[in-house]
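Protein chains: 4
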Amino acid sequence: MKDIASETDSRGITIDRVGIRDLHLPVQIKEKDGGYARVVGQVEASVTLPDIQRGTHMSRFVDILSSWSKQAVSMVEMEATLRRILDEFAAPAARVLLEFKYFLRKTAPASGHISQLDYDCSFRGTIQNGAFRFLLGATVPIVTLCPCSKEISDRGAHSQRAMLSARVNCASGTVLWLEDLIPLLEAQGSCEMFSLLKRADEKMVTEAAYDNPKFVEDVVRDTIIALKERPGVIGCSVECESFESIHNHSACAYAKCGDI
Amino acid sequence: MKDIASETDSRGITIDRVGIRDLHLPVQIKEKDGGYARVVGQVEASVTLPDIQRGTHMSRFVDILSSWSKQAVSMVEMEATLRRILDEFAAPAARVLLEFKYFLRKTAPASGHISQLDYDCSFRGTIQNGAFRFLLGATVPIVTLCPCSKEISDRGAHSQRAMLSARVNCASGTVLWLEDLIPLLEAQGSCEMFSLLKRADEKMVTEAAYDNPKFVEDVVRDTIIALKERPGVIGCSVECESFESIHNHSACAYAKCGDI
Amino acid sequence: MKDIASETDSRGITIDRVGIRDLHLPVQIKEKDGGYARVVGQVEASVTLPDIQRGTHMSRFVDILSSWSKQAVSMVEMEATLRRILDEFAAPAARVLLEFKYFLRKTAPASGHISQLDYDCSFRGTIQNGAFRFLLGATVPIVTLCPCSKEISDRGAHSQRAMLSARVNCASGTVLWLEDLIPLLEAQGSCEMFSLLKRADEKMVTEAAYDNPKFVEDVVRDTIIALKERPGVIGCSVECESFESIHNHSACAYAKCGDI
Amino acid sequence: MKDIASETDSRGITIDRVGIRDLHLPVQIKEKDGGYARVVGQVEASVTLPDIQRGTHMSRFVDILSSWSKQAVSMVEMEATLRRILDEFAAPAARVLLEFKYFLRKTAPASGHISQLDYDCSFRGTIQNGAFRFLLGATVPIVTLCPCSKEISDRGAHSQRAMLSARVNCASGTVLWLEDLIPLLEAQGSCEMFSLLKRADEKMVTEAAYDNPKFVEDVVRDTIIALKERPGVIGCSVECESFESIHNHSACAYAKCGDI
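Protein chains in written order, with the working numbering: chain A, 1 to 260; chain B, 1 to 260; chain C, 1 to 260; chain D, 1 to 260.
Same shape as in the complex, but just chain A (with noise of 0.2 Å):
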């Protein structure tokens, strides 16, 4: 049967990237307690194409990213899975994005209520030139209270949600967890959120919200600050976009330290 992507090619261009998109895998994860969490993943997945092939092989990444679902992927597989790309496509470069929702417990503030909260986590997996280098990804949701409102007004101060994004650069043979990063990221905000609160809870929210009032740039600046002290970090970016309570549209703040 012929294998019309062997073809070569003459029109002299590289494609930067070819592969796959929105494929979704079982996939487990690695706990910082040792265990494993079982989580929906979404895969995109990518190589660089030389210029003289006419096609990639897309049906050899889902037989490679299959293992996912029997194995528990941290930066190690990751960089397990690339290499085994690379080779068997024989690519010069290859690029993995992991996507996932992730829950940590939660204990409400005052009545100790546990809850689980959803974090859309990432792995960025490439590896370019033969260089590894893996992204940890987590976008947390947080309050941000205003302090222009707050200062200029008699009473209140307009609050709402808001998320927080950040990728991390480790050093090689630094591992963060995303069990450290994701309360990292939570305590930027002007508080934190909860699935379940109950009204003594809610009291402790509201007031320490309105205590602790943040523009997006403080929350930025804040992350980056926070990020930087942690040992093993050599790069970082942060997002905050705050969907405005008192406009429709977002207000939003991103920077970037280091290598990344």
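Keep in mind that the hints are not guaranteed to be accurate.
Since the list gives no way to pick one copy over another, a pair counts as held whenever it fits inside one copy or between any two copies.
[What the hints assert, rightly or not] With a straight-line cut-off of 25 Å between C-alpha atoms, the simulated DSS-like cross-links for lysine-lysine are:
no.	residue 1	residue 2
1	Lys30	Lys256
2	Lys101	Lys70
3	Lys256	Lys101
4	Lys2	Lys32
5	Lys2	Lys101
Derived from the structure by calculation, the hints contain no laboratory data.
Following the hints, complete the assembly by docking chains B, C and D onto the known chain A.
Just chains B, C and D now, with coordinates in the frame of chain A:
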């Protein structure tokens, strides 16, 4: 050229609705002041297909709906379009949903600055058993400030963006304009929203919301009451979804009354 | 601490549904073979609020639904959850919608390669006037190949991805498993889909689709017939949306039968 | 009234971008034939915030961008808007992204029926170190028919909807119109799309796609070549995402060339 869709069908199953979805069209909407707004319409159109017909003729929907680019649409044109569909398809029933973003000018409360705010609006028309029915829909962003949070907290109260949606059925011969429906809805939240607020405005908006705390249940009840008081309204459904700033999930309430 | 939500209300308006939406929870689902699948559940839960009560207690929904992380959910647990909601809220009616991605193993038709495909599934439970009702839902991706295009063209026929969705109401005492509903739905398109296909498989899939052209109307009718033939099914609704490859809009058909 | 955002900041962190996102505005776009299209713009605008300033003034973005409702936007107005932002914010760099749906008339190939097709377009402007840069973007729907499927199958070949996106950087003084870019992109798929096709058209479109099979890699390479041949184009990036009809995931390719 053979017309497969016109074949007879022996499976004995009536298709309640068959047609097109996510067709985008430039559309003109009649404004209250007599002008015309050019909007981007997203259209869904369908007919009921009797059990003995194999298929419908999808291209006819596009043909008929394309006239909306040349001529402004309101309730009258919606009925004409539906009657033309019934006729050309020889169908027993038809349905058209037109969704579009609509803009209204807003004046900031203290500074008087003018800006435009966007609202997701809809026209829903159906003809069934010969009877035409038209529902006007609008979704407006509002602020909700939590009455419980205000009551129990020594300072502050959490607020957030919320969406208030209504569908309204008016008596034949009555016209309800978006220019009237949208402000009616905006008045039901803890405070309304603006695209452009200077500091003096932000102070007024913050204090107004703090002085007018509302649960989603309150918003829905007050909206139902306001709509019932409007002459010509013979039925409505109302939903409020509040993107809680202290949770990563929404609070929602829905109620309806009259003929809807 | 004062409970504002428990105040009496004099506006005289019953709220048909009030509750939470877009709550994410790790949930276990009972599999047909006796095992348990861990899924990410997206939940909407509500009660009817009598006209004399000002508000509901949103945190109770989260409290009650959190038990789904520890104990697998099927129709039986859905009813127990709804009865507990009715009881704790002293509500006349309740409703819960659980949506989640579910995976099934698929075997490529020629090569025998195994992969997993994802399906958007749902459990919808309601109790109204004391009566419990449960609808099982699934949306499966299929191929549709256009009968008209095949008939009139000298070569080829346009095909595309389509989504086939069903909601099924089963007689009390009957269990319909997703492991049975999903393959039944997949069999109704021009061809089913796979995550992993080698060239020999792609040939079979291409020819199978070409030999089995179907309009969305055909898919919906054949699905209704297949569901009616299943013992215990007392009602169903079916929708097929085809993302036409020659248009930038969809073709859709919807039909229902029995008690739904 | 105190201006908190104007406070000095001692954290020592520059914010790369701070501003607003998801602002919707009615905008006028200059058409090639000299007319004006009214579109619904979705806008993101930001400035770089020096490390010693605590916050930016979000309302100024809305104020400045509101002028786009009254005066048509093209590359020239984008530069003027950015220079005004730099000036009013005393900022070292600024960025504006305007996204909108744009319509072009299309003539069905056999019947000559006219319809309008919608395209997601964008204007991206930046000023950094005093230099203005403008990228024109468009995403057009196309048909891709799989060369492998055609080659190995005795009959038929799977086809599907795909999206072809390009961002183009033109030499100063050169204008690339959407009216030219969009048809250039549409010509790169296996076949172009139409909103309205009669049976004679559908035959032509089906056969044309079958006679012109293309992988996403082919589409991207052919697009790069076509763009490079256009006078004034000094750089471009191109992506094609194909919503495979035999898979529930996409195939994607991305390449770039020149100054982009």
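Okay, the hints, checked on the actual structure:
1. For the homomeric pair Lys30 and Lys256, neither the shortest alpha-carbon distance inside one copy (27 Å) nor that between copies (36 Å) is at most 25 Å.
2. Taking the shortest Cα distances, Lys101 and Lys70 sit within 25 Å of each other both inside one copy (18 Å) and across copies (18 Å).
3. Taking the shortest alpha-carbon separations for Lys256 and Lys101, only the intra-copy value of 24 Å comes in at or below 25 Å, while the best inter-copy value is 32 Å.
4. Taking identical chains as interchangeable, the C-alpha atoms of Lys2 and Lys32 are never at most 25 Å apart, the minima being 48 Å within one chain and 41 Å between chains.
5. With identical chains, the CA atoms of Lys2 and Lys101 are never at most 25 Å apart, being 41 Å at best within one copy and 36 Å at best between copies.
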